[in-house]
Amino acid sequence: MTVSSILIARNQNVNVSKVTTALKYVLVTRTVTSCLSLLGIMVGIRTLPLTIFMLIINTNSFTTGLLQWLHLKKPVHAYEIAAMFGCYLGIVLIVYGSGEKETNSVGSTYTLLVGYIASVIASITISMSAIAIHQMRELHFAVIQFWQSLGNCACFLVYYAYQLYSEERYPLEPPANYSDYQWYYCEIILAAASSVMANSLMTICNKNEKPATVTVVSQVAIGFSFLSDTIFFGTMFNGV
Numbered sequence: 000m001t002v003s004s005i006l007i008a009r010n011q012n013v014n015v016s017k018v019t020t021a022l023k024y025v026l027v028t029r030t031v032t033s034c035l036s037l038l039g040i041m042v043g044i045r046t047l048p049l050t051i052f053m054l055i056i057n058t059n060s061f062t063t064g065l066l067q068w069l070h071l072k073k074p075v076h077a078y079e080i081a082a083m084f085g086c087y088l089g090i091v092l093i094v095y096g097s098g099e100k101e102t103n104s105v106g107s108t109y110t111l112l113v114g115y116i117a118s119v120i121a122s123i124t125i126s127m128s129a130i131a132i133h134q135m136r137e138l139h140f141a142v143i144q145f146w147q148s149l150g151n152c153a154c155f156l157v158y159y160a161y162q163l164y165s166e167e168r169y170p171l172e173p174p175a176n177y178s179d180y181q182w183y184y185c186e187i188i189l190a191a192a193s194s195v196m197a198n199s200l201m202t203i204c205n206k207n208e209k210p211a212t213v214t215v216v217s218q219v220a221i222g223f224s225f226l227s228d229t230i231f232f233g234t235m236f237n238g239v
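The C-terminal position of the sequence shown is numbered 239 in numbering that gives the first Met the number 0, with every residue numbered one higher than the one before it.
Check before you lean on any hint, since a few could be wrong.
No more than 25 Å apart at the CA atoms, straight line, and that leaves these computed lysine-lysine pairs for DSS-like [stated by the list, open to error]: (1) Lys-73 to Lys-17; (2) Lys-72 to Lys-206; (3) Lys-206 to Lys-17; (4) Lys-23 to Lys-206; (5) Lys-73 to Lys-206; (6) Lys-72 to Lys-23.
No lab work stands behind these hints: they were computed from the structure.
My request is simple: use the sequences and hints to build the entire structure.
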């Protein structure tokens, strides 16, 4: 994402280091919250059952609406609130309707507590990040993405160093239970390219539209997740 941001900025004759003093603090807030949400997601998904993690992380639509109303002083309409509850209900039905058994290992009480705290922090900081982006409407999205990607790279280096130290395993080494080794790194590259595209589009959307509206519309991903689980992974749903 760092490389793509630099290329876009150079193509558009945008200086990524040229930010007004007033917006520097907002940019720092966006970068820090982005890093915290990333770390929270990585910790939460490793320490909590996936079902619980999904339910916690997807509460960010409510947090975004609340922050939009309190901080940006922009209204959250009744139809948006109804859509938030409707989307979250869909998440609950999909998560609990899956016929798959929970495979995440559950650790000690302390480990679970860390997972809960990390997931809540991730949910809140995702919302804070969206609010900060909306406050930087005058900045080119490549500038916002550039500084976010630098922060994320630092987080990944710390996480990978910890993983290498604690597990004595190269971070990008395929897991032992991964069968299609020839596709492993291709999938990593494809996921990275998709992430760059998704992050760029979300940044553009949050800049130009109310964050609560963007969050609600982005919940359409629930439908795609449901179709992907059903078609590609053969997940059966019990009709809860």
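Status of the hints after comparison with the structure:
{"no.": "1", "hint": "Lys-73 to Lys-17", "result": "28 Å, violated"}
{"no.": "2", "hint": "Lys-72 to Lys-206", "result": "16 Å, holds"}
{"no.": "3", "hint": "Lys-206 to Lys-17", "result": "18 Å, holds"}
{"no.": "4", "hint": "Lys-23 to Lys-206", "result": "16 Å, holds"}
{"no.": "5", "hint": "Lys-73 to Lys-206", "result": "14 Å, holds"}
{"no.": "6", "hint": "Lys-72 to Lys-23", "result": "21 Å, holds"}
The structure fails hint 1 only (numbered hints given earlier).
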